[in-house]
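Peer 1: Residue numbers (the numbering used here), protein chains in the order written: chain A, 1 to 290; chain B, 1 to 266.
Just so you know, the hints here were simulated from the structure itself, not pulled from any lab data. Beta carbons: idealized from backbone N, C-alpha and C, even for Gly. It is possible that some hints are incorrect.
[Claimed, not checked] Taking beta-carbon pairs under 7 Å as the criterion, some of the chain B residues facing chain A (in silico): (1) Gln14; (2) Glu31; (3) Phe34; (4) Val36; (5) Ile56; (6) Thr84; (7) Asp87; (8) Pro145; (9) His147; (10) Val221.
Next come the chains, spelled out residue by residue.
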Amino acid sequence: MLVNNKKLLVGVGLRHPHFTDILTTPKQVDFVEVHSENFFGQGGAALSVLSQVREKYLVSLHSTSMGLGSMHDIPMAYLERLKSLTQTIDPFLMSEHACFTWGKQHGQTMHSGDLLPIAHTHLNLARMCEQVDKVQSFLGRELIIENVSAYVKFDGSYLSEAEFLTEICQRTGAKILLDINNIAVNSLNFEEGNIQQSVADYINVLPVERVAQIHLAGCQMPTLGQLVIDDHARPVSDEVWQGYQLAIERFGAVPTLIEWDNDLPQWSVLVDEARKARDIAQAVLHKESA
Amino acid sequence: MNTQCESESVINEQQCLLEAIWSDDPKTIAESGFDVEGIYIYRRNLLANAQRALSISFPTVFELLDSDASEHITQQFLKSSPPTQGDWAQWGAALASFIETTDVGYEYPYLADCAALDWHVHCALHGIDQIFQQSSLQLLGNCEPEHIFVKFNHNVKLLETKYPLTDIFQAHHDVDEQQRTISMNNAQKALAIAPKEQTVMIYRPEFQPKVTTLLMAGEDVFMRCLISGQSLANALNLVSESKHFSFENWLMKAIERNLIYTFKEN
């Protein structure tokens with residue numbers, strides 16, 4: 001479907017157990033997204049499969065370890081591997097998170113093993129812009145930066161995450177990856193838990209032309225009083241679908257991805273979730289173009 | 001945030017969060033100034049991610065250990081050798097030597113060698129794709145062995161051990177159930193008798209790495225000599241006394257197994 005000359009692209013996250021499915025079934029999604037680090041090897045079956053997938057599908061590279069907000073520099077070895085993969089796969093999108101991952105232990109660089117939140121301050125903004133500039137220039141590619149779910153808050157934050165991302169994009173030319181489930185998780189963990197309101201407040205701050213991708217995912221809802229864990233192990237929740245509708249109303253035909261990382265379902269379930277995303281987006285876009 | 005963290009720079013703000021997540025001291029966590037429940041979520045995520053990563057890279061070791069032991073090893077290994085590369089798949093090079101220092105490594109002395117084997121197999125799985133440069137074969141007819149050198153496929157590794165590693169590996173990973181049972185029996189029998197020095201080879205004919213014990217007399221000495229960069233003549237000299245070593249047989253098998261990348265003249 002073309003809206004304002006933009007085709008609505010809907011994809012799914014591709015994980016190892018679905019390699020055979022994607023290569024042996026008819027094309028049912030527009031693109032796939034993989035975690036860059038899973039293909040950092042110099043060769044082997046996984047990279048060969050991804051190259052075969054690339055012949056049939058657009059591929060988005062989603063990195064999870066770069067830690068653009070880290071005060072410590074991103075090691076060059078990491079960037080070299082990412083660049084090599086980028087040159088092999090020629091992705092149509094490249095994304096990372098607005099978080100930190102690198103630190104020091106006993107004087108040695110260490111990786112946190114997780115996406116850790118940062119305080120939304122001007123100091124962190126400047127640091128993240130510096131890293132985004134460096135990475136974009138090194139890769140020769142535009143980055144798309146994703147909002148993160150968090151389990152701790154920095155009291156020192158005085159910008160909202162949406163303002164923080166907007167400012168990064170304005171200063172560096174990067175784009176925004178809007179993860180609606182992450183907004184939902186943070187809404188439940190740190191705000192009133194009115195997901196619709198949180199999504200609306202968030203997306204209204206973002207400049208329309210800067211949002212380049214949307215992520216949709218599901219997670220287990222908490223028992224009362226506990227923090228929600230963003231486990232990407234469930235179908236997309238009704239609240240997130242409603243948030244998606246709002247996002248499409250505001251941003252139009254933005255490439256949309258179904259993320260599912262744990263307790264993976266059958267490939268057909270992912271394809272059905274992608275179909276649902278397409279149906280919702282098309283309904284909104286039809287209504288707007290009518 | 002507590003007063004100490006507030007007064008520090010942003011580097012320390014990030015460092016404070018990292019230290020709270022990586023600390024085993026409940027007091028440090030409680031006094032970090034961060035939401036304690038949140039810190040414990042990050043801690044559980046870290047352990048789960050680490051355990052998943054090691055179980056993928058060290059499938060034999062994780063088959064041999066029960067869940068409590070593997071969780072304990074993971075926790076201890078995280079402390080002694082935290083990830084440094086941003087890719088869990090590259091984490092674990094030091095696990096074999098770490099296991100040697102642990103109680104479980106002392107109790108099951110073959111475990112560290114199993115970890116070394118797993119790591120080499122894991123590296124081979126993601127190693128560079130190399131196929132034999134057939135045209136280099138003509139050097140064997142055109143050059144003296146003194147001037148011929150062998151560059152092995154990047155994914156070939158030799159491992160010296162006193163334990164029946166090939167059988168232990170096959171007992172857990174062979175696709176044929178009957179073969180797994182046979183290998184398990186062989187491994188148990190071999191472990192019950194005195195340890196015997198042997199060389200295990202990891203190689204990758206196509207995409208799936210294979211494991212085998214070098215059985216041909218002199219094969220291990222011959223290969224080590226070539227791998228160390230010595231000429232074919234030197235390697236052949238080492239096995240000249242062996243009645244059972246045949247270079248022709250070895251070469252045929254080596255090509256079939258994709259052990260050689262190329263012959264070089266020097």
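Peer 1: Failing hints, ascending?
Peer 2: The structure conflicts with hints 2, 4, 5, 8, 9 and 10, although it agrees with all the remaining ones.
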